[in-house]
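Undergrad: Chain residues, written in single-letter form:
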Amino acid sequence: MSFLLTCPNCGPRNIYEFRFGGEVKTRPDENTVSAEDWADYVYLSKNVCGVQKEWWYHAKGCGTWFAVERDTRDNLPVVKEENEG
Amino acid sequence: MMKKFMDRFRKKGRQDVRMWHEHPMKPAYDAVIVGGGLHGLAAAYYLGRDHGMTDVAVIERRYIGYGGSGRNTSIVRSNQRSKENIPLYDEGLKLWPELIGELDFNLMFFNCGNLNLAHSEAEAAGLKMTVATAQIMGVRSEFLNARECKELVPHLDITHRPRYPIYGGMYHPPGGTVRHDAVVWALARGADRLGIHIHQLTEVEDILVEKGKVTGVKTDKGTIRTPLVLNAAGGYSPTVSTMVGIDLPVTVLPLQALVSEPLKPFLHHVVSSGRYHAYASQSLKGEIVTGAHMDPWPSYTTHVTAHYMKHQAEALMDLMPCLRGARFMRIWGGLTDMTPDMAPIVSDSPIGGFYLDCGWGYFGFKSAPITGRYMARWIATGNCPEILKPFSLRRYRNYNLQRETAAVMYYTPWN
Ligand SMILES: Cc1cc2nc3c(=O)[nH]c(=O)nc-3n(C[C@H](O)[C@H](O)[C@H](O)COP(=O)(O)OP(=O)(O)OC[C@H]3O[C@@H](n4cnc5c(N)ncnc54)[C@H](O)[C@@H]3O)c2cc1C
Ligand SMILES: [Zn+2]
Chain A
127 MSFLLTCPNC GPRNIYEFRF GGEVKTRPDE NTVSAEDWAD YVYLSKNVCG
177 VQKEWWYHAK GCGTWFAVER DTRDNLPVVK EENEG
Chain B
-11 MMKKFMDRFR KKGRQDVRMW HEHPMKPAYD AVIVGGGLHG LAAAYYLGRD
39 HGMTDVAVIE RRYIGYGGSG RNTSIVRSNQ RSKENIPLYD EGLKLWPELI
89 GELDFNLMFF NCGNLNLAHS EAEAAGLKMT VATAQIMGVR SEFLNARECK
139 ELVPHLDITH RPRYPIYGGM YHPPGGTVRH DAVVWALARG ADRLGIHIHQ
189 LTEVEDILVE KGKVTGVKTD KGTIRTPLVL NAAGGYSPTV STMVGIDLPV
239 TVLPLQALVS EPLKPFLHHV VSSGRYHAYA SQSLKGEIVT GAHMDPWPSY
289 TTHVTAHYMK HQAEALMDLM PCLRGARFMR IWGGLTDMTP DMAPIVSDSP
339 IGGFYLDCGW GYFGFKSAPI TGRYMARWIA TGNCPEILKP FSLRRYRNYN
389 LQRETAAVMY YTPWN
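In order, the protein sequences belong to chains A and B.
Residues 127 to 211, numbered by our numbering, are exactly what the first sequence covers, in order.
Residues -11 to 403, numbered by our numbering, are exactly what the second sequence covers, in order.
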């Protein structure tokens, strides 16, 4: 169990400094997507019970957005992913 | 006296005094319910009671009541925000006295009334709208000013000292609390007596589908053939839906609650404040039962945090300064299956025979028996009862979300 998350900029920090930014999904092409598929993209989640790839935002810190793989069973980050400034 | 009781106990045999029994798992059932929480048990009970469907199995991975049903803070009320939601909760609230008689179990229904506080003119305006909706729907609800709030709950601090001074409140006399564990046990006993099988320590690992229809479930104790499956897995409802390839508009978040040491009776209502993210009631044993902090990131942990204890202590002391110095005794966490519109998913699905009763988030205790009753009707007859129509899974694709929140909840940095 962990209550730390590693910001690519600030290093390991208390997880309450961060905001969850949603699961990493593939954004459909807005020009061709149907209304139903757009709703699915907006609302549906996988809720993996295990390792999933997510967006996080260092809200009470440096403001960096980053993707990370985290295990939802113990809050442990798995691999640090790319930094999307 | 004790000897006489023990003799009777021995004569009857251990099996007879148990509230529910173990059965060998059959290779086929008419219906399988995934999850031995209140929603699953209620559906099972009413399938038997109202529709003569007793060849039903409730499959529970741990023990009945292991999920939210055994972890909630037992608050019941029917002053929801939207006219589509109120009828179900209203019927649900009125059902408790009936259930106590019918199940022959003291569910400790304590209709002490709920007071939901506003801390600004804008919040008061929002609550007044909710009050008006309730009144139109025939549900007792009224708006009180700060002084009237204090008359109702004398220990509230209505001065300007608190960080968020109390402006007024929404008072809902018929709500209160119900002993949640007792409801689990009573429904399990009721279902058991009707001949329904409850299989504890049994995990549903997969759901079998052929030509778009459910044909069975695979458990760690063997495979069961069945044409009907109800997903009542609470926090694990997304995991169970994934077994048939359905993603849900759900975010699973852990919620924490606390109880204090027993105190002399002083709080005779359920008091809540959205602004402080806190609510409290006093149990009949004297403990202050209080929630609820939700960690705003998904997880399947039932952790508890110092962060929350501090938050809760500060909030309660600000609202009711007499609580300063009272000690917390226990803290625990549970999973909530939150939807973006704070309304449940009680629905059929694109897979034939696969039904959903989930998305109940942190508010699904109060509605469990009534929802089980209507869900059972739907499963048994194949026709969706009118009262459940607003809760279909299709509403998200149709952009017809429920209006239980003023804005859609999306667990991102922007809310
Ligand atoms: C701290 C807290 C406070 C709350 N307070 C209130 C309140 O005051 N008022 C209110 O109305 N609501 C409250 N709630 C919400 C309420 O507890 C839930 O909405 C409700 O209990 C949901 O019941 P359920 O039967 O759908 O799910 P659960 O009770 O969670 O039952 C689901 C069951 O499914 C089992 N399961 C999961 N996966 C599988 C599988 N694969 N195979 C077999 N079994 C499986 C689980 O072990 C679990 O026992 C609170 C919740 C929490 C956590
Ligand atoms: Zn940072």
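For the record, the hints were derived by calculation from the structure and aren't laboratory data.
Certain hints may be false.
Unchecked claim - EDC-like mimics (lysine to aspartate or glutamate), calculated; alpha carbons at most 20 Å apart, straight line:
{"hint": "1", "chain 1": "B", "residue 1": "K14", "chain 2": "B", "residue 2": "E139"}
{"hint": "2", "chain 1": "A", "residue 1": "K172", "chain 2": "B", "residue 2": "E111"}
{"hint": "3", "chain 1": "B", "residue 1": "K252", "chain 2": "B", "residue 2": "E139"}
{"hint": "4", "chain 1": "B", "residue 1": "K209", "chain 2": "B", "residue 2": "D235"}
{"hint": "5", "chain 1": "B", "residue 1": "K138", "chain 2": "B", "residue 2": "D169"}
{"hint": "6", "chain 1": "B", "residue 1": "K298", "chain 2": "A", "residue 2": "E143"}
{"hint": "7", "chain 1": "B", "residue 1": "K14", "chain 2": "B", "residue 2": "D235"}
{"hint": "8", "chain 1": "B", "residue 1": "K82", "chain 2": "B", "residue 2": "E72"}
{"hint": "9", "chain 1": "A", "residue 1": "K172", "chain 2": "B", "residue 2": "E139"}
{"hint": "10", "chain 1": "A", "residue 1": "K179", "chain 2": "A", "residue 2": "D197"}
{"hint": "11", "chain 1": "A", "residue 1": "K151", "chain 2": "B", "residue 2": "E139"}
{"hint": "12", "chain 1": "A", "residue 1": "K151", "chain 2": "A", "residue 2": "D197"}
{"hint": "13", "chain 1": "A", "residue 1": "K172", "chain 2": "A", "residue 2": "D197"}
{"hint": "14", "chain 1": "A", "residue 1": "K172", "chain 2": "B", "residue 2": "D235"}
{"hint": "15", "chain 1": "A", "residue 1": "K179", "chain 2": "A", "residue 2": "E162"}
{"hint": "16", "chain 1": "A", "residue 1": "K179", "chain 2": "B", "residue 2": "D235"}
{"hint": "17", "chain 1": "B", "residue 1": "K201", "chain 2": "B", "residue 2": "D336"}
{"hint": "18", "chain 1": "B", "residue 1": "K201", "chain 2": "B", "residue 2": "D18"}
Undergrad: All hints, please: hold or fail.
TA: Cross-check of the supplied hints:
1. Proximity of B:K14 to B:E139 is assessed by CA-CA distance (about 59 Å); at most 20 Å being required, the pair is judged violated.
2. With a C-alpha separation of about 34 Å, the suggested pair A:K172 and B:E111 falls outside the 20 Å cut-off, and the hint is violated.
3. A hinted pair counts as satisfied when its Cα atoms are at most 20 Å apart, and B:K252 with B:E139 qualifies at roughly 19 Å.
4. Between B:K209 and B:D235 the CA atoms are separated by roughly 26 Å; this puts the pair beyond 20 Å, and the hint is violated.
5. Of the supplied pair hints, the one linking B:K138 and B:D169 is violated, its CA atoms being roughly 32 Å apart against a limit of 20 Å.
6. This hinted pair checks out: B:K298 and A:E143 have alpha carbons roughly 16 Å apart, not beyond 20 Å.
7. A distance of roughly 30 Å separates the Cα atoms of B:K14 and B:D235; the hinted pair therefore is violated under the 20 Å criterion.
8. Between B:K82 and B:E72 the alpha-carbon distance is near 17 Å, which keeps this suggested pair within the 20 Å criterion.
9. With a CA separation close to 48 Å, the supplied pair A:K172 and B:E139 exceeds the 20 Å bound.
10. Simply put, A:K179 and A:D197 have alpha-carbon atoms about 9 Å apart, close enough for the 20 Å limit, and the pair holds.
11. Pair hint A:K151 plus B:E139 does not hold up; C-alpha atoms about 52 Å apart against a cutoff of 20 Å.
12. The suggested pairing of A:K151 with A:D197 holds, with an alpha-carbon distance near 17 Å, which does not exceed 20 Å.
13. Between A:K172 and A:D197 the CA atoms are separated by roughly 13 Å; this keeps the pair inside 20 Å, and the hint holds.
14. Simply put, A:K172 and B:D235 have alpha-carbon atoms about 6 Å apart, close enough for the 20 Å limit, and the pair holds.
15. Distance check on the hinted pair: A:K179 and A:E162 sit about 24 Å apart at the alpha-carbon level, beyond 20 Å; violated.
16. With a CA separation close to 16 Å, the supplied pair A:K179 and B:D235 stays within the 20 Å bound.
17. Restraint check for B:K201 and B:D336: satisfied, since their Cα atoms lie roughly 12 Å apart, inside the 20 Å limit.
18. Between B:K201 and B:D18 the CA atoms are separated by roughly 14 Å; this keeps the pair inside 20 Å, and the hint holds.
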